[in-house]
Amino acid sequence: MIVAWSAGTSPSAGRRRVLAVEGRSGSGKTTLARDVAARLHAPLLHMDDLYAGWDGLDRGVRALHDWVLRPLAEDRPAVWQRWDWAAGRYCGNHPVPAADWLVVEGVGSGARLLRPYLCGIVWLEAPAAVRKRRALARDGAAYAPHWSRWARHEDAFYAAERVRENATLVIGTGDRGDAGDRPEAFDRGR
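At position 86 of the sequence shown the residue is numbered 86 (this note's numbering), and the sequence of numbers has no breaks.
Since the hints were made in silico from the structure, they are not lab data. All of these numbers come straight from a predicted model, not from anything done at the bench. Not one of these hints is a red herring.
When the alpha-carbon atoms are kept at most 20 Å apart in a straight line, the in silico EDC-like pairs for lysine to aspartate or glutamate are as follows:
# : residue 1 : residue 2
1 : LYS132    : ASP155
2 : LYS132    : ASP55
3 : LYS132    : GLU154
4 : LYS132    : ASP48
Assemble the whole structure, with the sequences as input and the hints as a guide.
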């Protein structure tokens, strides 16, 4: 469904189409984004690599804008740095490979600042209990102490940014498992 919809989109960042896969932690973003990126033959960028720690959501959004999307729109090379969670700093240079598409997944990828560079936003949603179960199964003990802290950042971000309301596609992943398990979708026709 997403790949079929994407065929009708236009380049959004220079010559490239950029698709954001958004939603709260545990909604199935990474699973779906991997599948979509593979089908589009697109590089996949994870917001988890750009957040400046547990309180770095806004800084991650700014990094995506400054290091990736604006350079692509200006037909310049895009090179980003990965946040080293243990060292507490950005490091390394990671060039964005040439391609017709770029898929970005994670909380913040559909931020207002980034929307002019996006050809679409796919929003994934699931009940909080399902999301928490998935996230803790995925990341276990490393994430458990930060679940509530990150949820507060999500709450503030989504209240201010209204990403779901601006999504092109809304997909409910419900309680059927991962995003690939026959999600229900709503196309807003954008």
